[in-house]
Amino acid sequence: MRKLVLTRGPQGAGKSSTLAACGLEPYTLSGDLLRGVYASPIMNRRGQLGLSQEHDRRVWPQLMALLDERMARGELIAVDATHPNASALAPYRKLARAHRYALVCLDFAGVPLELTLARNRARPEHKVVPEGSVRRTHEACLRGQVPDDITTIPWREDDGHAAALDAWLAEPVLELDDYARVHHVGDIQGCFGPLAGDGGLLAGGLRDDEFYLFIGDLCDRGPESAEVMRWFLDHALGRPNVRAHWGNHEDYLHRWARGLELKSAEFTERTLPQLEAAGITQADADAICDQLVDCTRYRYRGRQVLVTHAGLPTVPARPERISTRQYSHGTGYYADPIDAEFSERAPAGWVQVHGHRNPSCLPVQAGARSYNLEGQVEYGGALRALTLDARGFTPRELPSRRYRALTERLRIEDPLIDRALLPQWVTPEMTTKTLDAETLASLRAHSLIQEKASTTRPHISSFNFTRDAFYRREWDALNVTARGLFVHALDGAVAARSYDKFFNLGERPETEPAALERSLRFPVTTYVKDNGYLGILGYDPLREELLFCSKSSPDSDFAAWFREITLAALPPGGAERLRRFLRDTQSSMAFEVIDPVRDPHIIEYAAPQVTLLDVIRRAPTFERVGYKRLQKIAAHFELPVKQRATIFEDWRGLSRWLELACAPGYQWRGAHVEGFVLEDAAGFLTKIKLDYYNFWKRMRSLKDRLVKARASGKPLARDTSEPRVRGFVEWCARQPDELLTQDIIRVRAAYLRGEGADAPVVTVAEPPPQERKELVGFRSMLGSLEAKGAEYELKPATADRVVAQALADDDKLALLRASPLRARIVLAASEGEDRDDVAERLGVDIA
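Per our numbering, residue 785 is the first one in the sequence shown, and the count goes up by one each step.
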């Protein structure tokens, strides 16, 4: 805190011991301290050790430089020196005015000479001052005067001066019981509208019977800094019921007011022109800065509250010992969980209110005992406020209609932006992409596209292909785009969207293997496809909120479940960060939504979850981020992301994998999955469903048809000749409807455990056992080597690795025996027993 204590008086008067008794030793600068830094004690002509005076030309400039540096940080400081006259005190007065410091002089001039001489003689040898010097200093102090503008605490024989200094340093706790309410106003950041514009927090003015605490950061970054400053000058400055706190952005206001180097491009290039154009002067800024305080502690009707700009991890026992910089910039790191730390560490009965830092976008009540009023109002968040009255705390958030958009922040190269999280379409020139009138008309006129207006958001319509398009497989360039497309019905702005329709392997001519062999651009990447339903997360600008959609509607149960599961998955503040991200980047997100309780499918999951599939531009044309950026975005929001499975460099390797993956028994890392999505280098998408998924999806249909057939008395009329199908259907035929009407996951579990009515232990004709992971990897390695072609020269190290694995595992040896590369591999291997052994076992001639 900006308080400077100066001592004055002869050597041995008790200055240093008094500072130590008041706990100020760690805050003290002194000439003797620096003399001991510059040189060790030296011997004088009388054979005594003492502090060297040889470096005093360096000591005092150094002391003043250190003092200036500390004062710039707003630290509590004591300067321990003799300061015999007004001229010796003059430099401190100048610095105190420059740094807005309170100044006190602890004056020991009245200490009797005999006492100072006795104390001097009792000092350690190297600190003893010649008696003549003590006498001269004592006389000079008696003749000298302390200027009237410096508060003076004279020495008292009963040590009352120490108590008086302690009282001067102490920051009082305000008693605010007489006020009807206490208002806390968060970081304003130059956004006048939510402060005092139409409908603003203080649009009706300030009341005399209510107390107002401004957290700090009145201006800077926002577009209305001049309006905020003018309002504060006209309505708040000088009022006894207003207390404003020094924020980190007040540093620049202070520097401008005092004619110092500004050290801020933001203030110089954008804030200052606003102020000057509105006639706000340096004197105005100076008057505001003079009124600012570092912290406030107050009591109100049984509550104790600490108010600072940046927040603290606890209530300091002595607030004056915390620097202005820590009050305004914060302790530790910016991202430290200051609200949780205060709630855990602060003394019982205390509550904190602060602003400045909230990177996680936590709500106003950010901790059990900590309120966070940083709402990023200047970036499209909200001005936060907190009112305390007899009923307790009431938070408010008022959004700003004027703020600095992301495109503007990019244009001015805002260093606070994490560009690694921004989709590639986010540039300073980014504009909103809408469906033009002609495209909207075409969508509405298409016989295989259905428009569905939301009942809860009538301004939003969805466009989806019809059931006829799906079952008749009638697709064209327009209706493939109508898959989860949500549009503002009046202006065509895209509120949310997912993928264009893409197809299964072999479902369309262009996804037949022969066509893919010709058309795919490599590398081809495969992603695990989870077994849930598609959730689409967009942004509704009319209501300024997240838009959760599924099954062609934001009104469906599936959309509500999607919302519930997503919000539960996000960390505190995550939903607000996600809202701003989708708003500012004009993006939408596609999720796989797993709800094993309300919407079980085929694959079993332990708990509800969402998986981020893609971040997609809210635009008529499909565009999405790459996988690496998708991973960074998912990590930023602490969301699970789709798994990348395998990357294939050529058709041969891909086709061998497709054959393996589509065969019965295939699992992904030991687990059943629905399938895989394949993406080529040009962004073309296709997908495969695995045998396990397809089989049990078919069994789900069969058991449901069996229940209906049983009720109607009609035969099942389905082909059940395949052994594994027949075994399941025969078991189902013996089971009651109460079991068969449950979801397929429960029915399957009962079947595989041999449970059920009259159910013997069933020998299930399951698919052949899955090939061991080691064999899959070995087969893949052989396939990769085969794909390189005859011109590829096998390296001995590669051949040795294959040979060693084959000799250690008979199954791998069998795979190598079946490989067309077996002779090349054996011949390329290093000479030795392993090579001879494998050649003999495979029948390869190496002579």
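Keep in mind that the hints were calculated from the coordinates and are not lab data. Among the hints, a few may not be true.
[Stated by the list, open to error] Under the rule of at most 27 Å between Cα atoms (straight-line distance), these lysine-lysine pairs were calculated in the DSS-like manner:
#1 K1481 x K1498
#2 K1579 x K1471
#3 K1335 x K1285
#4 K1217 x K1416
Predicted model, so just to flag it, every value in this text is computed and none were measured.
The hints, checked one at a time:
1. Of the pairs offered as hints, the one joining K1481 and K1498 holds, with about 22 Å between alpha carbons and a cut-off of 27 Å not exceeded.
2. Using a Cα cut-off of 27 Å, the hinted pair K1579 and K1471 is violated, with the two alpha carbons roughly 36 Å apart.
3. With a C-alpha separation of about 14 Å, the suggested pair K1335 and K1285 falls inside the 27 Å cut-off, and the hint holds.
4. For a cut-off of 27 Å, the pair hint linking K1217 to K1416 stands: about 25 Å separates their Cα positions.
Of the numbered hints listed earlier, the single one contradicted by the structure is hint 2.
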